[in-house]
Amino acid sequence: GAVVSQHPSWVICKSGTSVKIECRSLDFQATTMFWYRQFPKQSLMLMATSNEGSKATYEQGVEKDKFLINHASLTLSTLTVTSAHPEDSSFYICSATPVGSYEQYFGPGTRLTVT
Amino acid sequence: AQSVTQLDSHVSVSEGTPVLLRCNYSSSYSPSLFWYVQHPNKGLQLLLKYTSAATLVKGINGFEAEFKKSETSFHLTKPSAHMSDAAEYFCVVSKPGGYNKLIFGAGTRLAVHP
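Chains as they are written, first to last, in this note's numbering: chain W, 1 to 115; chain A, 1001 to 1114.
Keep in mind that the hints were calculated from the coordinates and are not lab data. Take every hint as true, because none was put in to throw you off.
Sample of chain A residues lacking proximity to chain W, with all beta carbon distances greater than 12 Å (derived):
hint : residue
1    : S1012
2    : V1019
3    : L1020
4    : R1022
5    : N1024
6    : Y1025
7    : A1054
8    : E1064
9    : E1071
10   : S1073
11   : T1077
12   : A1086
So the derived label-pair ranges between C-beta atoms look like this:
hint : chain 1 : residue 1 : chain 2 : residue 2 : range
13   : A       : H1082     : W       : T113      : 30 to 38 Å
14   : W       : C13       : A       : K1058     : 39 to 47 Å
15   : W       : G1        : A       : S1084     : 17 to 25 Å
Only a predicted model underlies this, so the values are computations on that prediction, with no experimental measurement involved. Just so it is clear, CB atoms sit at the ideal spot from N, CA and C, and this is done for glycine as well.
Using the sequences and the accompanying hints, generate a full structural model.
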């Protein structure tokens, strides 16, 4: 139980284009989802926290107009990287918290490469 | 403010020998502490967590960790390493209770040799 999926697992896009990453909780409803960024051989950094039906809360230094987060349902959150640049290339990981729980379950991650 | 320091970026052991991954934390209050494992192409998996109950915490796959407040440490151990234990391990700290941020350590890559 408590499986989180991400789609796509790997995406290449050209500089200046936008790319959307989906995070789904497959067998539970998630009131809260989190988005993390992981640089090569480095740790995870929290980007934002999203609650279903409300605006995401972004961490200091994260551009909310560049990283658009939508949490439209209890099983789906999306992260859109707008006007992507090579420095946005990274591994993006989401996590989801089941209703009534504080534990985070992590997705497998999405590797974004911007050329 | 909270932080975690994983003292080794790489640890290499032989199969069947003990594993020790070291973690020190800094927190102005009694924290919740976690160990997560990350295998390639798989999501982070929770190994174990400490939330102010027993100081010796047993987790999955034979791993355990001991919370030592006097040493501000939460080291992860396993008596006998398996090849399948090779992965990246993260020590994580959080404020207890509620939707609080997880603060990740830099990670320790564990290699297991035959």
